Amino acid sequence: MFARVAGGFLIVFTLTITQAFAQLTITFPTTRAVFQRNNSNQTTLYMAGTFDICLDRIEARLTPRVAGQGTALNWTTLQTNPVGGQFYGSVVAFGGWYDLEIRGIRNESVVATHSVERIGIGEVFVIAGQSNATGGGDLPNGPGAADDRVSSINFQNINLETNTVIPYPQAQLPCPEFVHLDANVKTAPFGNYAWCWGAFGDLVAARLNVPVLIFNAGWSGTSLFNWRESIPTNGQTNSNFGFPFPTGLPFGHLRLALNNYVAQQGYRAVLWHQGELDNFYETSRESYRSDLRQIIEASRSLSGKPNLAWMVARVSRMTKNGVSRLWQPVIDAQNDVIGNNGNDPALVLPQVFSGPETDVLEGPAFRQADNIHFTGSGLISLAQAWDGSITESFLSSSSPYLPTAPPQVAVACGPATNQLTFQAPGGWVAQQWLPQNDCHQVLDQNQSWAASTGVYRLKVRDNFDNVVLSPLLKVPSQTNADVSAYGNTTVSQGGTLTILSSSATACSYSWTGPAGFASTNPTVFISNTQSSQAGTYTVSVTNPYGCQAVSSVLVSVVSTLESASSGNWNEPSTWTCNCLPNASTCVKINAGHSITINGATVQAKSVTLEAGNLIFENGGVLSTNN
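If you count the sequence shown from 1, position 297 lands on 297 in this note's numbering, and the numbers rise without skipping.
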């Protein structure tokens, strides 16, 4: 940076330093996330992330990974003038399996890009029930999904050190990480492995041409009353085999899925497969119907989703005393709640749909020797039965719940040079600030939080205990802005004032100065400068994180120039102001100074010789008003 004065022009040079291609990162959604579509095959897809360079806007596009598996969305503006180093926006997109790309635009040029593969808009299901809903124990597994579009979260609510199930009040779901539904994936929050659901996902994805996300809350060996008795978070229930379930379970796993995964991703339906053990203990039609109604109604009230859809399989086959049998009271109760036995509101619940009738799948072609549990090709048949129930009628009649918008965090600078202040949005009953990889290590619970260098996320909770996570938030090692205004800021009256600024981080500039001067350019030019324009000029800059810096420069406007020494008229060093005369300035040549006008035509308002000399060479000319 340097200054130079020539011809009455004050020039202050600037260096604006930016990375030509700096970091731009998508932090939401993450790979393999699937979001529930509506009945018009659309959803609002939210996108967010971080950046550390100056951007005018951020654009996004969606490209189907395979031709025909979605509707492409060409480049569309996601956010203009993003601030705080964090971007956030949304688009309306159609069902499909996509690669997501974003790009940052500055001065109509692409300066940064990032992409995330495998983002889905499709169908989200929660499985619940007993062993034929989830497998487990010594039951052989089914195949993993072959279709790339079938996903889950690999987690089971078990203490790995003690190999015991964690009671609901102590259960902690990890930060979600979506994976392909391979054979041994433990479909969160309590699934044992793929069971029949990998094959089911393949069938649904192929037929509906959308991705599928599976969660599983089932528990082997559960009677219906176990689910009903564990509806309270402190509920206690014992299995028919004398086993005491951990507090709040098995129902608590369904609660976990609804309050966490479903709240974030959206949801189509609970797929319920249970009734075998109630055959064994000969549960009455009235008792089964009452318990099932309570369980469904509890799932709706606890999640704040009064139209939460359920699909109930008609199932009762059990072997008792060596004989495989059905139990009609259970089947009748299931049909009562579905509405297949009339529309009495004391029996029927809305948004409960007919699942498959799986009792007919019996014998060694479908089940193990006990003729209870599905195995081998029987698991494929079970998957086909479930797929056959996901009809167009069901899809058009059920009321899916769409994803909740992730909380948009406001960002302000500081207070320290390695901090940003995050502000949680209103409308939630609680918020927690978390580190990147631990969704239970609470760093702060205030709505506003000054975070130091690191990566974080916000967890918010509503009055139904639904939990939604924010996109990741980044605080860099340095957040402070910088700027300097430079130059020899004395200019002759009538000359042109030029002030430039220097910043390594500035995204925007704001100048203020005398006589109402204002500018948003890095460099300012004022021609025909007058004495009223002398004074302090201040520039304020804002960097990508919203942090500001200011710098000022004092400008003098001189109307009379005096010679500083003998020399050439057109050399700034000849004059005391280090600037050049012009038609608006008076000139005084001090005693003993000889000023040469060599081969040039120069101007002055007037010239006073204080015992000094003017020398004209090579046709030099002086023009004055006096």
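One thing to keep in mind: the hints can contain errors.
[As the list claims (entries may be wrong)] Have a look at the derived ranges for each label pair, beta carbon to beta carbon:
{"#": "1", "residue 1": "S396", "residue 2": "N521", "range": "51 to 61 Å"}
{"#": "2", "residue 1": "P167", "residue 2": "S477", "range": "55 to 65 Å"}
{"#": "3", "residue 1": "K320", "residue 2": "P435", "range": "45 to 55 Å"}
{"#": "4", "residue 1": "P435", "residue 2": "V110", "range": "28 to 38 Å"}
{"#": "5", "residue 1": "D370", "residue 2": "N463", "range": "44 to 54 Å"}
{"#": "6", "residue 1": "N480", "residue 2": "V442", "range": "20 to 30 Å"}
Since the hints were made in silico from the structure, they are not lab data.
All figures in this text were calculated on a predicted structure; none of them were measured in a lab.
Just so you know, even glycine gets a beta-carbon here, dropped at the ideal spot from N, CA and C.
To see whether the hints hold, each was checked on the structure:
For S396 paired with N521, a C-beta distance near 58 Å keeps the hint of 51 to 61 Å intact. Checked against the given bound of 55 to 65 Å, the beta carbons of P167 and S477, roughly 42 Å apart, lie outside it. Range check, K320 to P435: Cβ separation about 53 Å, and the 45 to 55 Å hint holds. Judged by the Cβ atoms, the range 28 to 38 Å given for P435 and V110 holds: they are separated by roughly 32 Å.
For the pair D370 and N463, the beta carbons lie near 45 Å from each other, so the given range of 44 to 54 Å is met. Here the CB-CB span from N480 to V442 is close to 28 Å, well matched to the stated 20 to 30 Å.
Checked against the numbered hints given earlier, the structure breaks only hint 2 and satisfies all the rest.
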